[in-house]
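Participant: Next come the chains, spelled out residue by residue.
2 protein chains.
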Amino acid sequence: MPTSPRPFDDNSLDLIGRPFNAVDTPAVIVDLDVVEANVRRFQAYCDEHGLRLRPHIKTHKIPEFAALQMKAGAVGINCQKIGEAEVMVDAGMSDILITFNILGAAKLARLRRLAGRCALTVTADSETVVAGLAEAMAGAERPLDVLVECDTGAGRCGVQSPEAARDLARRIAAMSPLRFKGLMTYPKAGAARAAADWLAKAKALCEEDGLPCPVVSSGGTPDMWGAGDLDTVTEYRVGTYIYNDRSLIARKVCTVADCALNVLATVVSRPTAGRAIIDAGSKALTSDLLGLDGHGFIPELPEASIHALSEEHGFVDLGNGTGQPSVGDKIRVIPNHACVVSNLVDRVYAIRGGKVSGILRVQARGCSQ
Amino acid sequence: MPTSPRPFDDNSLDLIGRPFNAVDTPAVIVDLDVVEANVRRFQAYCDEHGLRLRPHIKTHKIPEFAALQMKAGAVGINCQKIGEAEVMVDAGMSDILITFNILGAAKLARLRRLAGRCALTVTADSETVVAGLAEAMAGAERPLDVLVECDTGAGRCGVQSPEAARDLARRIAAMSPLRFKGLMTYPKAGAARAAADWLAKAKALCEEDGLPCPVVSSGGTPDMWGAGDLDTVTEYRVGTYIYNDRSLIARKVCTVADCALNVLATVVSRPTAGRAIIDAGSKALTSDLLGLDGHGFIPELPEASIHALSEEHGFVDLGNGTGQPSVGDKIRVIPNHACVVSNLVDRVYAIRGGKVSGILRVQARGCSQ
Chain G
0 MPTSPRPFDD
10 NSLDLIGRPF
20 NAVDTPAVIV
30 DLDVVEANVR
40 RFQAYCDEHG
50 LRLRPHIKTH
60 KIPEFAALQM
70 KAGAVGINCQ
80 KIGEAEVMVD
90 AGMSDILITF
100 NILGAAKLAR
110 LRRLAGRCAL
120 TVTADSETVV
130 AGLAEAMAGA
140 ERPLDVLVEC
150 DTGAGRCGVQ
160 SPEAARDLAR
170 RIAAMSPLRF
180 KGLMTYPKAG
190 AARAAADWLA
200 KAKALCEEDG
210 LPCPVVSSGG
220 TPDMWGAGDL
230 DTVTEYRVGT
240 YIYNDRSLIA
250 RKVCTVADCA
260 LNVLATVVSR
270 PTAGRAIIDA
280 GSKALTSDLL
290 GLDGHGFIPE
300 LPEASIHALS
310 EEHGFVDLGN
320 GTGQPSVGDK
330 IRVIPNHACV
340 VSNLVDRVYA
350 IRGGKVSGIL
360 RVQARGCSQ
Chain X
0 MPTSPRPFDD
10 NSLDLIGRPF
20 NAVDTPAVIV
30 DLDVVEANVR
40 RFQAYCDEHG
50 LRLRPHIKTH
60 KIPEFAALQM
70 KAGAVGINCQ
80 KIGEAEVMVD
90 AGMSDILITF
100 NILGAAKLAR
110 LRRLAGRCAL
120 TVTADSETVV
130 AGLAEAMAGA
140 ERPLDVLVEC
150 DTGAGRCGVQ
160 SPEAARDLAR
170 RIAAMSPLRF
180 KGLMTYPKAG
190 AARAAADWLA
200 KAKALCEEDG
210 LPCPVVSSGG
220 TPDMWGAGDL
230 DTVTEYRVGT
240 YIYNDRSLIA
250 RKVCTVADCA
260 LNVLATVVSR
270 PTAGRAIIDA
280 GSKALTSDLL
290 GLDGHGFIPE
300 LPEASIHALS
310 EEHGFVDLGN
320 GTGQPSVGDK
330 IRVIPNHACV
340 VSNLVDRVYA
350 IRGGKVSGIL
360 RVQARGCSQ
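Which chain is which? The protein sequence lines are G and X, in order. All residue numbers for the first sequence refer to numbering that gives the first Met the number 0, where the first residue is 0 and numbers rise by one. All residue numbers for the second sequence refer to numbering that gives the first Met the number 0, where the first residue is 0 and numbers rise by one.
Any given hint could turn out to be false.
Derived DMTMM-like pairs: lysine to aspartate or glutamate, alpha-carbon spacing no greater than 20 Å straight-line [stated by the list, open to error]:
hint, chain 1, residue 1, chain 2, residue 2
1, G, Lys200, G, Asp257
2, X, Lys187, X, Asp257
3, G, Lys70, G, Asp89
4, X, Lys200, X, Asp257
5, X, Lys187, G, Asp32
6, X, Lys70, X, Asp94
7, X, Lys200, X, Asp166
8, G, Lys187, X, Asp316
9, G, Lys251, G, Asp228
10, G, Lys70, G, Asp32
11, X, Lys187, G, Glu310
12, G, Lys187, X, Asp230
Which bits of chain G does chain X cover? Going by a derived footprint, with three or more residues having C-beta under 8 Å, they are [what the hints assert, rightly or not]:
hint, stretch
13, 98–105
14, 149–159
15, 279–286
16, 306–312
17, 324–338
For the record, the hints were derived by calculation from the structure and aren't laboratory data. Glycine included, every Cβ here is placed at the ideal spot set by N, Cα and C.
Based on the sequences and whatever the hints tell you, model everything.
Facilitator: Structure (structure tokens):
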């Protein structure tokens, strides 16, 4: 069954050079100057601290931005899914870490092919996963690098103790199509130091066993400005830092001016003096709260709150109501969570100096397998 | 800039005739027998009560299912966006209601073209919207039908009083490219009766003014089994009824067996006896809670709760933990909200008698403009 998805509007290219609010709504607009500054700033931090930076492409899902991150000095990229990695290899990326347990014949066959096309590292947290990887890679020309995923407090995937990490490392090292390469964790937010201590213990156990750990990978944008103090960690993975979002403003990781991604919306109704309805609902902003009240921040209306969403409507409480905005006005919204917004759109409009400078396809959108 | 989206896997068609759990995960599977029963059941209810049924395609976004609804006896379909309507007209739908204020030159130009291709009705709740519609339709061969959107208690879009509805109806009727056709509301859940009373008042005011209201359109799946008692209402719009979901089970609108749409997921980690991690996170289930605790219901594990999501991971609390499920096992999840799940996927796998019977493209996915 072939796909015949809707092409971009024939008129999209006519937008180039026009003011950003010429873009029809709802739409995702991305300020390139802010993107570049965000990428540069954290790369400089990592360089200064001798930390290898491996950006997670889940935030943007756009090969052009992955290339920008690599050019700035990243050592490779991080993907969550094989489908994302396939898109990125097609676009020329050559060093990829997939931080997700790969299971099942279909995905393992794709993994084997992918491993032949780039320097690929994967993670595993159980013997079942390791056995599947070994079987899939049987007879491969070069071994597949594997990191042991460690649950250092986040309560998601991962082995439960440094000893269990060492035991799984042994299993990996004993299987010739695989090569034990080190440890990986996604730490609990705010507990990066405890996670690093956990990893240091596991690393010491592995090394006692004659299993070197050249890679110790941690990550997370919320704690990124402390990453340089984590001595054990050799590599740091961050996604959201390229765009930033309202959750990171709330956590004081960035400012409003550092938010590169906005959802452009139109006020479609002003039913009462205090209420505006915009055409950005959960299909544009998602329902992700990340612990916040409301569904986004409107820089032009800092007192307003987006207090509810339906699929195509955002409910804006204007408080006392000043008469503004009017029906037909366009406004920008900084979403709570940038990554999930990217996953809803086929394209983003790149903005430079307030004008549309290009249209980028979100090529890895929807690559959930 | 042409699109070159990822095609369906070359092997997708090999799935036809295989058991549903041969589908790779995460994926959306839809039981066709349940779909057909759901459509038939509410169509029969509407027929019995002399109510015109106009299904909202936002739930499935699939032309084949719109055609099924029409064949069962629907009078037309309901779309929220012009892009959705364009997909459905391309697929042969001929009677469309768009229940969203259309604003801006780009959308109004598309509206004009669309009006030439089907029997089109739109809604409006302000003079600004009405003026835009009239300008866009200037000189059109046949007038555009317009319903006045009424805020009968939901606090979203809509005029605020029956008198305001009558006043806007007058404006519409006075503009020759437009034809006032009646009233529309999306009622507050649980308050369908109050909404109908509101509409009855507005209708009487319009008729006193010599403005007949042949269409009085209400909707909402949660209150659908009382729709036949709303005398004023001529037409009823429902979306979710075709699939049903966990929110409708909670509201006692349907049973688990009536839920046609499931998210198929794989258990990718069993870090502890009480915890399973599945590969369905917010990119598969969305963060929509709709007032519920947790993020979905697992029929095979009725005591389990999906207590948290990250983008690619669902956190399942198994309680005391029985050892099941194992890493690699597939499970089905009934999501909180079916409509937003459809918007995340490019295709759904149609299941009949437990086997894959086809793959359907979610053609109106992402048509947010």
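Participant: Now tell me, hint by hint, if it's right for this structure.
Facilitator: These are the hints, each one checked on the structure:
{"no.": "1", "hint": "Lys200(G) <-> Asp257(G)", "verdict": "violated (37 Å)"}
{"no.": "2", "hint": "Lys187(X) <-> Asp257(X)", "verdict": "violated (24 Å)"}
{"no.": "3", "hint": "Lys70(G) <-> Asp89(G)", "verdict": "holds (17 Å)"}
{"no.": "4", "hint": "Lys200(X) <-> Asp257(X)", "verdict": "violated (37 Å)"}
{"no.": "5", "hint": "Lys187(X) <-> Asp32(G)", "verdict": "violated (44 Å)"}
{"no.": "6", "hint": "Lys70(X) <-> Asp94(X)", "verdict": "holds (13 Å)"}
{"no.": "7", "hint": "Lys200(X) <-> Asp166(X)", "verdict": "holds (13 Å)"}
{"no.": "8", "hint": "Lys187(G) <-> Asp316(X)", "verdict": "holds (18 Å)"}
{"no.": "9", "hint": "Lys251(G) <-> Asp228(G)", "verdict": "holds (18 Å)"}
{"no.": "10", "hint": "Lys70(G) <-> Asp32(G)", "verdict": "holds (16 Å)"}
{"no.": "11", "hint": "Lys187(X) <-> Glu310(G)", "verdict": "holds (15 Å)"}
{"no.": "12", "hint": "Lys187(G) <-> Asp230(X)", "verdict": "violated (56 Å)"}
{"no.": "13", "hint": "98–105", "verdict": "holds (count 5)"}
{"no.": "14", "hint": "149–159", "verdict": "holds (count 7)"}
{"no.": "15", "hint": "279–286", "verdict": "holds (count 5)"}
{"no.": "16", "hint": "306–312", "verdict": "holds (count 4)"}
{"no.": "17", "hint": "324–338", "verdict": "holds (count 4)"}
Checked against the numbered hints given earlier, the structure breaks hints 1, 2, 4, 5 and 12 and satisfies all the rest.
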